[in-house]
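Novice: Can you build the whole structure from these sequences, using the hints too?
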Amino acid sequence: GNSVTQMEGPVTLSEEAFLTINCTYTATGYPSLFWYVQYPGEGLQLLLKATKADDKGSNKGFEATYRKETTSFHLEKGSVQVSDSAVYFCALSAASGGSYIPTFGRGTSLIVHP
Amino acid sequence: DAGVIQSPRHEVTEMGQEVTLRCKPISGHNSLFWYRQTMMRGLELLIYFNNNVPIDDSGMPEDRFSAKMPNASFSTLKIQPSEPRDSAVYFCASTRRASGSAGELFFGEGSRLTVL
Numbered sequence: 001g002n003s004v005t006q007m008e009g010p011v012t013l014s015e016e017a018f019l020t021i022n023c024t025y026t027a028t029g030y031p032s033l034f035w036y037v038q039y040p041g042e043g044l045q046l047l048l049k050a051t052k053a054d055d056k057g058s059n060k061g062f063e064a065t066y067r068k069e070t071t072s073f074h075l076e077k078g079s080v081q082v083s084d085s086a087v088y089f090c091a092l093s094a095a096s097g098g099s100y101i102p103t104f105g106r107g108t109s110l111i112v113h114p
Numbered sequence: 001d002a003g004v005i006q007s008p009r010h011e012v013t014e015m016g017q018e019v020t021l022r023c024k025p026i027s028g029h030n031s032l033f034w035y036r037q038t039m040m041r042g043l044e045l046l047i048y049f050n051n052n053v054p055i056d057d058s059g060m061p062e063d064r065f066s067a068k069m070p071n072a073s074f075s076t077l078k079i080q081p082s083e084p085r086d087s088a089v090y091f092c093a094s095t096r097r098a099s100g101s102a103g104e105l106f107f108g109e110g111s112r113l114t115v116l
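Residue numbers (the working numbering), protein chains in the order written: chain A, 1 to 114; chain B, 1 to 116.
Because the hints were derived from the structure by calculation, they are not lab data.
Ideal Cβ placement from N, Cα and C applies to all residues, glycine included.
Hints are supplied without guarantee of correctness; some may be wrong.
[Claimed, not checked] Covered stretches of chain B, going by a simulated chain A footprint (3 or more residues, C-beta under 8 Å):
1) 42-48
2) 85-97
3) 108-115
Specialist: In structure tokens, the structure reads:
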């Protein structure tokens with residue numbers, strides 16, 4: 001079956017530090033890949049996505065590149081801010097019988113200190 | 001455009017009581033998902049619907065849980081009787097299932113359930 005593995009947190013950084021959150025996946029076929037972000041007390045919201053190999057998704061200074069050869073979709077940001085403190089979920093969506101079935105990782109908590 | 005709307009946002013109840021959580025998906029979306037989130041187990045898919053029809057309920061923990069989608073704009077998740085281990089945040093999410101769609105989900109803000 002499909003699965004997503006992401007690094008365990010929490011990840012604790014100082015403001016303006018470089019961020020990497022690793023994500024690898026297993027899937028049949030050609031999934032779309034996503035990063036969602038969950039701020040305290042809120043639901044998940046899409047941060048960025050990539051739908052085919054070598055695509056780069058980007059938003060709010062975050063980037064991730066769909067690497068089919070390494071089955072990875074690592075999240076990066078060059079300079080984090082305190083407001084980036086949240087839980088980040090890597091996910092894939094793969095077609096199954098006409099539906100797109102989402103699979104989520106466990107989430108990685110990011111804490112950014114001033 | 002309104003997002004996914006869930007109610008209630010918070011529910012505190014006693015063990016044995018019936019709990020009903022409600023969800024209004026985004027207009028035009030034809031797939032709806034119910035998730036449960038806990039610290040121990042993370043985000044779990046409970047059930048999902050396509051065009052109001054339940055497709056996969058294998059994630060529903062046990063018979064105490066049931067979900068319905070009587071029309072395209074409304075779904076309920078019911079727990080009867082509730083138990084303390086059901087305490088969690090329950091999320092509803094919707095998407096537009098269509099050829100070429102990447103399957104991006106739109107989440108509600110969640111219903112935080114506490115069973116005493």
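Novice: For which of the previously enumerated hints does the structure constitute a violation, in increasing order of number?
Specialist: Of the numbered hints, all hold.
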